[in-house]
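Guided by the hints, dock chain B onto chain A, whose structure is given.
There are 2 protein chains.
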Amino acid sequence: MTSEFGLIERYFVGRQPSRPDVVLAAGDDCALVEVPAGYQVAISTDSVVAGTHFLANADPAAIAHKALASNLSDLAAMGATPAWVSLALTLPNVDEAWLSRFCDAFFALADQHQLQLIGGDTTKGPLAITLTVQGLVPVGQALRRSGASVGDGIYVTGSLGEAKAGLDVILHPDQHRETEAQTLVDAHYFSEPRVAIGQALRGLASAAIDISDGLIADLGHILERSQCGAKINISQLPISASLAQFLRERSRALQYALTSGEEYELCFTAAADHDTAVMAIAQSLSVPITRIGEITQTGQIELHDDGAALDWQLTGFDHFKDENNE
Amino acid sequence: MTSEFGLIERYFVGRQPSRPDVVLAAGDDCALVEVPAGYQVAISTDSVVAGTHFLANADPAAIAHKALASNLSDLAAMGATPAWVSLALTLPNVDEAWLSRFCDAFFALADQHQLQLIGGDTTKGPLAITLTVQGLVPVGQALRRSGASVGDGIYVTGSLGEAKAGLDVILHPDQHRETEAQTLVDAHYFSEPRVAIGQALRGLASAAIDISDGLIADLGHILERSQCGAKINISQLPISASLAQFLRERSRALQYALTSGEEYELCFTAAADHDTAVMAIAQSLSVPITRIGEITQTGQIELHDDGAALDWQLTGFDHFKDENNE
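Which chain is which? The protein sequence lines are A and B, in order. This note's numbering puts the first residue of the first sequence at 1, with every later residue one more than the last. This note's numbering puts the first residue of the second sequence at 327, with every later residue one more than the last.
Isolated chain A (complex conformation):
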């Protein structure tokens, strides 16, 4: 009838097979879903805003992927299996080419994880996307930030630092000439949330978080909730050949690995006797998992370089940092 609804219907409805637990998706005041017995629902909401999280002229496929990946990454960090997503899309105007590219990328990633779009809202205003994702996890098996114990190993998936280097390239187009530029930009926009690893870690990881604010900041959240400290060997940090080549200096690459936000890798802890099982997951899912340190009693993060102490002062990423330091 009216174009707002026409807009939603044309681009978003009927693009996916319906999950059996979705009783009603778009087309009513609410969606209706069913939760199987023995499961809890994990819920996460994230917004990405033009000018804060991405440039307004960024590729809509990149925006869609990054917005959904960041939310799926939160489910991964809880060990939850993706189920449903609600999309609130605020657009300055109706641009069909933009919408079409946005939707193709959104549904490609959603379909890969059997995540069904169940509803949302389309409004006029400055470009922004808010997603609420929901996933299912067997009762009592969710991975939390609060379970780390002294002596547990600290692990990260994939490699670290590329998202920040990719942002450097995006913000300084002269760096596009570097050989690794496109690889790093793709790492910034098109990271793969570690959904399968998160689920495989149920019963093994003692604590988990996804790296959205930077390793130091996010590990800090685990330490805060678990009331413990950490010792990190920076020489173990997983750094890709592209990042090492792009940044040239080893210490810069390591600092990127420690502070790069929006990586959407997992950082988790596990007791020493689960180390073999953790490494078997890396093998079976073909994703690197690296032990980078150990949980301590101190309440702080101590960095060392194969035993040599370091005093780097590093913090994570914070949108409001400049104007309201605490």
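Don't read these hints as lab results, they were simulated from the structure. C-beta: ideal position from N, C-alpha, C; glycine also. A couple of the hints might just be wrong.
A short list of chain B residues far from chain A (calculated; beta carbon distances all over 10 Å) [as the list claims (entries may be wrong)]: (1) His379; (2) Ala423; (3) Ser426; (4) Ala434; (5) Gly477; (6) Ser577; (7) Leu611; (8) Gln626; (9) Ala634; (10) Leu636.
Cβ-Cβ distance ranges computed for the label pairs, FRET-style [to be verified]: (11) Asp601(B) to Thr52(A): 50 to 56 Å; (12) Ala26(A) to Ala352(B): 25 to 31 Å; (13) Ser344(B) to Leu310(A): 37 to 43 Å; (14) Ser100(A) to Gln562(B): 41 to 47 Å; (15) Gln236(A) to Ala352(B): 30 to 36 Å; (16) Pro138(A) to Ser426(B): 37 to 43 Å; (17) Pro138(A) to Gly466(B): 23 to 29 Å; (18) Ala382(B) to Arg177(A): 39 to 45 Å; (19) Ser100(A) to Gln501(B): 42 to 48 Å; (20) Gly466(B) to Gln182(A): 49 to 55 Å.
Chain B alone, transformed into the frame defined by chain A:
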């Protein structure tokens, strides 16, 4: 640690008693909730954006109430009992007075409905709020748009038209001199979602929707989903004394009642033999419910004035209407 998290914690965490079905609220990658056996989950997402849904300098209490009321109204229209809400708040800067007023109004309305804030996201950018609310409804008892049958009565709760008149006052400050001005502005910002009525209508209403785009537009959604038409007697439309006084002409007041969006009253249908039970709900909950017409076969909405046909051409509210008419 960083101010973004400080911000969230200080204003939002620990403000409400924890519901027994909330396993984990803020403080991890996801919230965790449990759904009781025999219930389905109703989910709705709505965004309100400065400049589109409210003026950027509007009272933050009004913005908070309106954003949450519009979402609760969607749960009401499904007959769902409110349970959990996620809040994505995008702010141009950290204004403590603004946040404090926003939160007070948000939690006042949430507490009234035992709705627990379970998580969200705070980001920097143009002022906007996206809420995802979730409610519980016994399996098979959700009120849908699709169940209206020929001969069913058409009902609305409360009175209609004040939200649009309130917006007139907000946009034209010279109208503030009118005696009814503040009543109408309050109706625009502080409407009460019909949550209790929605739940009471389970098993009675054949179809329901909340009036967010205007009666004509929203009744149109019921007719489309139910594949039927409607005959409305405009002389039955519930109009408040304040609205009648403010608009002076009867026909203008009626047109406001037919098209005013963001009313957050319910429009529903019920078989004739449920009419007494419907009126008993109005009595017991002390909210007016008015029968305004009847479902027909035509596929159209016919307006009449106590039998005299009308040919008013009226449409609902649509943010994108100006640039993309269909």
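Verification of the hints:
| no. | hint | in the structure |
| --- | --- | --- |
| 1 | His379 | violated (7 Å) |
| 2 | Ala423 | holds (14 Å) |
| 3 | Ser426 | holds (15 Å) |
| 4 | Ala434 | holds (21 Å) |
| 5 | Gly477 | holds (22 Å) |
| 6 | Ser577 | holds (24 Å) |
| 7 | Leu611 | holds (19 Å) |
| 8 | Gln626 | holds (12 Å) |
| 9 | Ala634 | holds (26 Å) |
| 10 | Leu636 | holds (20 Å) |
| 11 | Asp601(B) to Thr52(A): 50 to 56 Å | holds (53 Å) |
| 12 | Ala26(A) to Ala352(B): 25 to 31 Å | holds (29 Å) |
| 13 | Ser344(B) to Leu310(A): 37 to 43 Å | holds (41 Å) |
| 14 | Ser100(A) to Gln562(B): 41 to 47 Å | holds (45 Å) |
| 15 | Gln236(A) to Ala352(B): 30 to 36 Å | holds (32 Å) |
| 16 | Pro138(A) to Ser426(B): 37 to 43 Å | holds (40 Å) |
| 17 | Pro138(A) to Gly466(B): 23 to 29 Å | holds (26 Å) |
| 18 | Ala382(B) to Arg177(A): 39 to 45 Å | holds (42 Å) |
| 19 | Ser100(A) to Gln501(B): 42 to 48 Å | holds (43 Å) |
| 20 | Gly466(B) to Gln182(A): 49 to 55 Å | holds (53 Å) |
Against the hints set out earlier in the document, a violation occurs for number 1 only.
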